[in-house]
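If you read the protein sequences in the order shown, they are chains P and G. Taken in order, the first sequence gives residues 1 to 1067; the numbers are from my numbering. Taken in order, the second sequence gives residues 1 to 245; the numbers are from my numbering.
If you are wondering where the hints come from, they were derived from the structure by calculation, not from laboratory data. We put the beta carbon where it would ideally sit given N, CA and C, even for glycine. Heads up, a few of these hints could be off.
[Stated by the list, open to error] Residues from chain G that keep clear of chain P, each with C-beta distances beyond 12 Å, as calculated:
| # | residue |
| --- | --- |
| 1 | P130 |
| 2 | K232 |
| 3 | E233 |
[To be verified] Now the in silico label distances, taken between C-beta atoms and shown as ranges:
| # | chain 1 | residue 1 | chain 2 | residue 2 | range |
| --- | --- | --- | --- | --- | --- |
| 4 | G | M229 | P | H581 | 51 to 59 Å |
| 5 | G | E165 | P | Q939 | 33 to 41 Å |
| 6 | P | E959 | G | L83 | 26 to 34 Å |
| 7 | G | M229 | P | P895 | 45 to 53 Å |
| 8 | G | E10 | P | H581 | 32 to 40 Å |
[Unchecked claim] For lysine-lysine, the following BS3-like pairs were computed, each having C-alpha atoms within a straight-line distance of at most 25 Å:
| # | chain 1 | residue 1 | chain 2 | residue 2 |
| --- | --- | --- | --- | --- |
| 9 | P | K401 | P | K856 |
| 10 | P | K410 | P | K307 |
| 11 | P | K69 | G | K174 |
| 12 | P | K833 | P | K765 |
| 13 | P | K268 | P | K594 |
| 14 | G | K26 | P | K69 |
These are the residues of each chain, in order.
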Amino acid sequence: MSEQLPTTKKTDPDVASDKPQAGLNRRQFMAASAVTGGVAAVALHQATRSGNALAGTAGASAGTYPLAKPEHVIHSVCLQCHNSCPIKCKVYDGVLAKIDGNPYGPQTMLPHMPMETSPAEAALVDGKLCPKGQAGIQTLYDPYRIKTVLKRAGKRGENKWVSVPFDQAIAELVNGGKLFSSVPGEADRVVPGLKETWKARDASVMKAMSGDAKAVAKGSMSIADFKAAHAAHLDLLIDPDHPDLGTVNNQFCFLAGRIEHGRKEFAKRFVNGGFGSVNWFEHTTVCEQSHHIAYNQSTVPYKGQGKWGKGKHHLKPDSLNSEFIIYFGTSPFEANFGPTNMTERIVEGISNNRMRIVVVDPRAHHTASKAWKWLALRPGTDAAVALAMAKVMMDEGRFDKTFLENANRKAAKADGELCWSTAPWLVRLDDSGQPVAYLRATDVGMEAEDSFVVSRNTELSAFTPEGDSPAEGDLFVQGELNGIKYISALSLYRAEADKHSVSEWCDLAGVDEDDLIEVARELTRHGKAAAVEMYRGVVQHTSGFYNGLAVIMLNVLLGNADWQGGMMKGGGHWHEDGSKHGPFNIVKGMHPGKLAAFGLKVNREGVHFEDTTLFTGQYPAKRPFYPFTGSLYQEVLPSSAMGYPYALKALMLHKGTPVYSVPGGQAMMAYVSDPERLPLFFACDVTVGETSMYCDYIFPDTAIWERWGTPHQSPDVAVTGSKLRQPVVAPFADTCTVFGVEQPINMESIMLAIAEKLSLPGFGKGGFAEGGDFLHGEDWYLRLAANLAKGDKPGQELPQADAEEHRIFLAARGHLPTAVFDEKRWKAAVGEKWWLRVITLLNRGGRFQAADKGWKPPYIAHAYKGQFNCFSEPVAMARNSMSGKHFSGVAHYEPPLDCAGTPVEQGNHELALITNKDILGGHSRTIGNYWTQTYCRPQNHVIVAASDATALGLHDGQEVRVVSRSNPAGVWDLLNGQTKDMVGQVKVSQLIRPGTVGVSWHYGHWANGARDIVIDGTVVPGERRRGKGLCTNAALMLDPVLGDVCLTDPIGGSTSFYDTRVSLVPV
Amino acid sequence: MNRTDANIGENILERMRADLKRALDKPVEDRRWAMAIDLEKCVGCNACTVSCIAENALPPGVVYRPVTEEVVGEYPHARLRWLPRPCMQCEEPPCVNVCPVSATWRRPDGIVVIDYDACIGCRYCIVSCPYQARTFDFGEEHTDLSAHPGQPYEIHRPAFENGVERQRIPHSDKSPVGNARKCTYCVNRLEAGMLPSCTNTCIGGATYFGDLSDSHALIAELAGSPRVMHLKEELGTSPRTFYLS
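Let the sequences and hints guide you as you build the complete structure.
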């Protein structure tokens, strides 16, 4: 990074340059023309011009444009945002020259080209792709990428590093010792190596302990009996008095930001089955997790005996066939899942007068610009708007009564419906009138085991969701039988909608009543071909789960699921894990000696407080439990810092930056800065980031265009698709040798190297048992590719590549070094039988179903065919671990609440802060994309409504500091002697609701090249342009009860991004 | 509702590629290339801007396809609108005649090109263009060279603009550094049978391209739309790039 280069004076575009030109320069010309009028120069040039291809006389020739040839194309998959679009990478002389959309992919071409299309033909067609995806070239060739392993040479966060050999770094991680003896204050600190944390190593011992630990937690085994039964192995446990915390292995934690399928399963194999830790996490709660959990609870099927199964996490409108869509809290033209696929479907509909859209958002974003109506609600009142619309619909009878009266599959089928709901199911109320659970037939003396009840013309009848007899019930009923009070599930929702008049709801939400009524009526004028979509804006609230339910219920009232133009679950994917008869089933039988990781996760997700030994019959817990969610990013570090339920000893951070991306993330800095509390902290990423700068070691990672992956498809796509990311160019970072094979340094090789050093089960020679050796990261992905090439059913095998395709495949990879491509090695990994089919897959960057297979009119082809729950029994039966009170099982409106359910006080700050994701930047690493950052949008702004600006005396370009109750100073304290001001420039706007301040996310960096760091004694200077703008996460409210973590949705787990009030202080 | 068909979308890109193939079978002087931009479909994403920068390996300050953004109306009726602005490829281009060295001209198919080897960088054309379609290459690059070596996409990635493979050398005196630069409808791609990069990449499907002289071409159909609008028509430049408003 310090290579000496010619320095040039920055040229002001407004100032004329006197740069010399070939032949004749400008000054010479001016001088010449003053005398001759320039005639001589013209004559000179024209004499040489004839025959120039520019003249337009040359014929068509692809020879002048090598990027039109398939030998320069490798199809892969983007990850500049999680939408993971299929991409077409054009490589010229080993350099990634251009990234376009993959024309075979349904996300990147509408409709996409058939799989039969030859690579030569496809080379002539570039698919569409958002600007951020195209600017990926500058993430790949970011001058701040790290090439070697960096080891901390100063205090945590001091940003002084030395390069160390990969093998040394791995040995130090594994063995521990006095690793930082040269750092002041750490002379005698002994770092515990991973070999100490990898304590339980015997799968059968862990399995036995796991079962008994669960029994102890459930109260069916005493601690004493447990200790007696496992006396020889109590040292393996974190705390023998709480065996349900699991083994010491759990004190190793893997925390990932941007990770996706393929890598997810790879890392889980290492963390769970290899290392024996339960603590594998990713980051979805900073994105839109509560939206997934709301969908999940809305669709969980009843499994019998009080148990509920797994639901769908994501439905989307069939926007190619819709006539009306309401977008709540999301801009599909800029973000969501995602703009490249969603935009064209929507604008085509608007342009052809097929469809109208409505946007419900405090901000008139790009999508709102095409909307029939923009309802600028107050942040956090999404449920109020949804309930008001529902009230209009129910009061005016504008809902699909036939659909809603069906209580089970059989009844639905009789009406030509593929789905049904629990709208007519009766719910049992307690004495105070609170809903408890769905009424069981036995509750009211009916002789039907494990059955539910509907009421038809006041007659109660028992049924089961999948039973043989159709069940229909009345929608709005309540009553009492044998002293048991009951009410229909839809009535519970209606009661929430009836809590206010439409006019009161509109006042609360700050939207125009006439507009809202008009929208609600219009929504119901299109039969099944209307839909209501929501994303991040609705759910990143403490009330996120309930907001989500309220919006989903509008779709239930329409009965639109699985109908063309309604809601769909998407076409899904073929199973790369081989679980559907693939040649390599990585889920089963390919992990010899797999450890049975068990115990509480450090963030207490996925478990009820009452089902642990930490519960003594008393509330509150020390920190909340999150039984209904996962990927609970924000709670991992604060929980370990508090040691509840236990403290971590080693943390591997992969491609994530929690202190920057999590609301209130600055509260984690003290913990990650302190080696006494977090003894070993290492990261793997492409740059030194805002959080990885606090690490002990940073390993380079392969960038997206240098590595493998099998991301799944957005449910916005109606056809089946499996995308395959693969190496496109040689890796920038150094290589290493693991298990005797040279490979790039990246997440995969780090894990393989640790596995080699510790002899973790399931890696190395025979790591896949009968499935072969696991020596190189590609050994994993090539097997996934073979599974995809085979398909899920007999007859779905991709054709074998012919000689021409094989030739193109090899020619396109001529620039790749053997560390990442070696045909012999690749072929051996999948076997002769699959190799040519895998080439067909690789040549297309995946496999995609034909474009017309997404629909079976009038239905969606890949239909959900399931139940919608208007009342969530599992949630209603659970208690908030801090207050001990039952959660509600019904969609409702509530204000921002702390973890104990108390409304949040915010002092005298009055402006509601919202954030958004710009299409030009998806995550922390996109700040190095100069094409988009420098040209299109060099910085973000503090967007202030015009009327607020007038009232506050603010003007365009003025610098203001953002302050809040949690951060009255308006500053990030980096705890390394540096700070980052939360100061930004005001932009006065007509596009935001008065009383609201908008600041987009992904600017305001202090790492990722924004500030100087020292490597091997040399300063690597940061760039001011990379630190421009502001990140307001440090202003977001911390939970007043906990004080060390942001406000959080107790059900869905989403971090609260939109519940904070701020003030703007002129600087 | 009882639909019998599903809308799977119409592949406009493939239709336009077929149009392009037909045009390429004709002599160059019989082609009349034109571009249409449907403002109702433009969502202001800048995919075209970035695609063009990447395609032509453009340095800072050189932009062939800017997209301007404007706010219209006042809260709560305010909205955004955008105007992508490639070269208008005028039939009467004001930029051509002002060139003192005849380094720029209009091809028989209507594309206005610059011969970078002939351009002397006087910038008369830049000033004369009423659409600001030309920008000057000051020799800069995106990477900050005071701190870093040049990156491969800038120093080891030739562009193929005008059908000429050319490695730009930042801060040098070698063309196209020191030249006026402009959009060519990706003429090199056209001649290879590909649509302009901005047309392919548009996530809203808002950009259309083809041969106006072919009555079966989509572009010819669009040219007859009542929504057609030209920028600064009153100047008599007769732009080949037009808009659907």
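Here is how each hint holds up against the structure:
The Cβ of P130 of chain G sits about 19 Å from the closest Cβ of chain P, beyond the 12 Å cut-off, so the non-interface label holds. Look at K232 of chain G: its CB is around 23 Å from the nearest CB on chain P, clear of 12 Å, so calling it non-interface holds up. Once the 12 Å rule is applied to beta carbons, E233 of chain G is consistent with being away from chain P; the minimum gap is 24 Å. About 57 Å separates the C-beta atoms of M229 of chain G and H581 of chain P, a value consistent with the hinted range of 51 to 59 Å.
The hinted range of 33 to 41 Å is satisfied by E165 of chain G and Q939 of chain P, whose Cβ atoms lie roughly 36 Å apart. A beta carbon spacing of about 30 Å between E959 of chain P and L83 of chain G agrees with the range 26 to 34 Å that was offered as a hint. The supplied range of 45 to 53 Å is met by M229 of chain G and P895 of chain P, whose beta-carbon atoms lie about 49 Å from each other. For E10 of chain G and H581 of chain P, the hinted distance range of 32 to 40 Å is satisfied, since their beta carbons lie about 37 Å from each other.
Under the criterion of a C-alpha separation no larger than 25 Å, the hint pairing K401 of chain P with K856 of chain P is consistent with the structure, at around 24 Å. As the CA atoms of K410 of chain P and K307 of chain P are separated by approximately 21 Å, the hinted pair is consistent with the 25 Å bound. Taking the CA atoms of K69 of chain P and K174 of chain G, the gap is about 28 Å. The hint is violated against a cut of 25 Å. Distance hint between K833 of chain P and K765 of chain P is fulfilled; the C-alpha atoms sit about 22 Å from each other, no more than 25 Å.
Only pairs whose Cα atoms come within 25 Å are accepted, and K268 of chain P paired with K594 of chain P is accepted, the gap being roughly 11 Å. For the hint pairing K26 of chain G with K69 of chain P, the CA-to-CA distance comes to about 23 Å; that is within 25 Å, so the pair holds.
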